[in-house]
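Could you put together the complete structure from these sequences and hints?
Chains A and B, in that order, give the protein sequences.
Going by the working numbering, 185 is the number at position 185 of the first sequence; the sequence numbering is gapless.
Going by the working numbering, 119 is the number at position 119 of the second sequence; the sequence numbering is gapless.
Just so you know, the hints here were simulated from the structure itself, not pulled from any lab data.
Accuracy of the hints is not assured; some may be wrong.
Residues on chain B that point at chain A, a partial pick, calculated with CB under 8 Å [claimed, not checked]: (1) L3; (2) V118; (3) L174.
The beta-carbon is built from N, C-alpha and C at its ideal position, and this holds for glycine as well.
Listed below are the residues making up each chain.
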Amino acid sequence: MSGEVRVFAQYDRDVYESCDVVVVGSGPGGAVVAKEVAAAGRDVVLVEEGPPFTPDDFVLDGALSMARTMREGGLRTTRGGFIMPTMQAIALGGGSLVNSAICVRSPELTLDDWCDSFRLERTSRAELDPHYDAVERFLGVAPTPDEVQGARNLLFRDGCRALGWSSEPIPRNVVGCRGSGECFTGCRSRAKRSTDLSYVPAAVRDGARVLTSARAERVLTWGRRRATGIEGSIVRPFTGEPTHRFRVDAKAVVLAAGCMATPVLLQRSGNLANSSGTVGEFLQFHPGVAVLGVFPDRTEPQFGATQGYQSLEFVRRGFKLETLWAPPGVLAVRLPGFGFDLKANLARFPYAAIWDAFASCNRSFGRIRARRRSFDPAIRWSLHPADLTILGEALWVLAQMFFAAGARAILPGVHRLPDEMSSLAEAEVLRTHDYRATDLTCGGNHVFGTTRMHGDPKHGVVDEDGRCHDLDNLYVADTGILPRSPSVNPMLTLMAIAHRIAGRVAERV
Amino acid sequence: MSLAVALLLFLGAALAGRRFLSGYPARPAGARYLGGRELATVAAVASATYPKGGAVEPSGLEAGIPLYVDRFVAAQPPRMRFLMRCLFALVEHATLVFPAPGAGGRRRFSSLAPAQQVAVLDGWCRSRLYPRRLVFTSLRAILTMGYFADPAVLRELGLAPRAIPRTVCEADMLWPKIGERPESIAVTARDVVPATAAAPVVPLGPHGELHPAYAAPSPGALAAPLPARPAEATS
Numbered sequence: 001m002s003g004e005v006r007v008f009a010q011y012d013r014d015v016y017e018s019c020d021v022v023v024v025g026s027g028p029g030g031a032v033v034a035k036e037v038a039a040a041g042r043d044v045v046l047v048e049e050g051p052p053f054t055p056d057d058f059v060l061d062g063a064l065s066m067a068r069t070m071r072e073g074g075l076r077t078t079r080g081g082f083i084m085p086t087m088q089a090i091a092l093g094g095g096s097l098v099n100s101a102i103c104v105r106s107p108e109l110t111l112d113d114w115c116d117s118f119r120l121e122r123t124s125r126a127e128l129d130p131h132y133d134a135v136e137r138f139l140g141v142a143p144t145p146d147e148v149q150g151a152r153n154l155l156f157r158d159g160c161r162a163l164g165w166s167s168e169p170i171p172r173n174v175v176g177c178r179g180s181g182e183c184f185t186g187c188r189s190r191a192k193r194s195t196d197l198s199y200v201p202a203a204v205r206d207g208a209r210v211l212t213s214a215r216a217e218r219v220l221t222w223g224r225r226r227a228t229g230i231e232g233s234i235v236r237p238f239t240g241e242p243t244h245r246f247r248v249d250a251k252a253v254v255l256a257a258g259c260m261a262t263p264v265l266l267q268r269s270g271n272l273a274n275s276s277g278t279v280g281e282f283l284q285f286h287p288g289v290a291v292l293g294v295f296p297d298r299t300e301p302q303f304g305a306t307q308g309y310q311s312l313e314f315v316r317r318g319f320k321l322e323t324l325w326a327p328p329g330v331l332a333v334r335l336p337g338f339g340f341d342l343k344a345n346l347a348r349f350p351y352a353a354i355w356d357a358f359a360s361c362n363r364s365f366g367r368i369r370a371r372r373r374s375f376d377p378a379i380r381w382s383l384h385p386a387d388l389t390i391l392g393e394a395l396w397v398l399a400q401m402f403f404a405a406g407a408r409a410i411l412p413g414v415h416r417l418p419d420e421m422s423s424l425a426e427a428e429v430l431r432t433h434d435y436r437a438t439d440l441t442c443g444g445n446h447v448f449g450t451t452r453m454h455g456d457p458k459h460g461v462v463d464e465d466g467r468c469h470d471l472d473n474l475y476v477a478d479t480g481i482l483p484r485s486p487s488v489n490p491m492l493t494l495m496a497i498a499h500r501i502a503g504r505v506a507e508r509v
Numbered sequence: 001m002s003l004a005v006a007l008l009l010f011l012g013a014a015l016a017g018r019r020f021l022s023g024y025p026a027r028p029a030g031a032r033y034l035g036g037r038e039l040a041t042v043a044a045v046a047s048a049t050y051p052k053g054g055a056v057e058p059s060g061l062e063a064g065i066p067l068y069v070d071r072f073v074a075a076q077p078p079r080m081r082f083l084m085r086c087l088f089a090l091v092e093h094a095t096l097v098f099p100a101p102g103a104g105g106r107r108r109f110s111s112l113a114p115a116q117q118v119a120v121l122d123g124w125c126r127s128r129l130y131p132r133r134l135v136f137t138s139l140r141a142i143l144t145m146g147y148f149a150d151p152a153v154l155r156e157l158g159l160a161p162r163a164i165p166r167t168v169c170e171a172d173m174l175w176p177k178i179g180e181r182p183e184s185i186a187v188t189a190r191d192v193v194p195a196t197a198a199a200p201v202v203p204l205g206p207h208g209e210l211h212p213a214y215a216a217p218s219p220g221a222l223a224a225p226l227p228a229r230p231a232e233a234t235s
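Encoded structure:
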């Protein structure tokens, strides 16, 4: 049996399908569910709002690439106290198309905390390890080899070593990476095993039908206990212009549209699955801060794995460290000043490395609401003062690493502090500064919690199998179900949980 | 209302209208979405943010920032386009209320002397007020991405992307280029190169051949065509 991928140019009328399981969203959660359920012999329809990309469709320019692959043109932000950019992809493969392929297992401590705090019984590290194994094996996850690290990643390692802190090559879902540093705009080398190149083709081999450019707009129900399918619009790539309607009837519905889109879909479906009142609540981010360091020798930063090294040394203190690269125009947004001063800083790029830290921020919450006459969310989120302190500590740690690795200067990008610091003594102010949220230039692309997993139906949306407490056959399989920060990059943990969810869905259909 | 009051109101409105809306240069050729006034604002900010010379040679105008911004705005969803146009209007007219230092400072941003434009941007950049800084940061972010879209800038900094030979994978048999029908897929199973960890990896480096789009000198040569949005104005 072999399925198919339907693209926008093929739709010339309204579409009607019926199947065993309809999955909404082809990112790391939905693609895993679609493939595993199809492999179990069930009839699967996978629905994706974005188009599938080929290398010919990738645009290397950062801003135009964002306009094509990200929701709200890549300019989505939070509100509430301060503005933080947050990006969610709209493409076959979802976020895996444009992320850095980082595959890290959540620490045992973090998962134990989830189990204790959210009455979960089967989400310990030991319970999830077989699912982690299965996903890693399928994707070919392996530590980034030295030959494609590039100088800026190896300098990170050197900085950690000099200070006696742990560091490691980042495990990634890539095969044959050449270190082009282009993960953000789509992998031209086809080395990244994003879900559009891995799980989706496998699902198609097992008979799944994939509808791309199909925006799910409502979950169909029979009474308040059973979902019967989804309906929505066929939309033109990049513009979102609706051209036809579609409907998929199914015995089970799996929502994996993303932590931002799934709660909006539930809210627009008559406030579905929300007897706990937690749909769209408990929104959490991993806000990240970055520091640019300037070295005496050229680092040629555009070459090397996009994010090749990490340190988990400070995970218990609430933040993770890693290297970073993106299109230069996107990175330059963090540089200070304008005019000749700005140009002087741009000219330091060939000698630079950028390292970032993101914090778990388990005290900072927000919420998602459906915006009127739109399928985009209104996002409110604020940074708790205690979490702000952690981000300040992370900046100080990054500064120490840069100078330990031999940097001549750092540009921390903190308002009310000097634009440039040339020694550790000058950077000491990063440790003592009385930070305000508005001092920082943060970004937050890891999101969690808006349809959280909880053993008690009064306090969460889904159970440990991803099934909504309120409906018999409606599941959620995106990062919204993570009840709290996974302490590390969330993709692999989500895929492991989705792998488990797929098993339950296949059993019950 | 007496005739005199009505006349005064009319004259006031006419003067205000002239102050806000007239005297702009013609819309540049090639612009698709933004009007001449907005592009004049963008050009003025681009000149102040990226002047000619210095550590990186091309100016913001030489890098084609205004037309890049025009295309970038056109590619955005309606809400974002509206917000960006508000941003340009705010920057352009804020100096009518909060004048730039020096004589003749109460003019539109694009009509100020270059030194006054720099002083205004410096005020926004270093403001204690977060919303003011945010306006500056947002505006500069858009312009900076436009500056880096110029192949000449990337070549000068040694940051231009390199050519990468095309690898064919299984997915290439499943869907065509965006906008095309599956019949256009020319790849067959025999073309597919299986991804294996054992294959030798040749890392990219600074001596590699440039991506063809970045070897060409003309600005803006690299972007794929962006479709107009349904409600897009064509003026």
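Here is how each hint holds up against the structure:
no.: 1; hint: L3; result: violated (45 Å)
no.: 2; hint: V118; result: holds (6 Å)
no.: 3; hint: L174; result: holds (5 Å)
Violation of the numbered hints given earlier is confined to hint 1; every other hint is satisfied by the structure.
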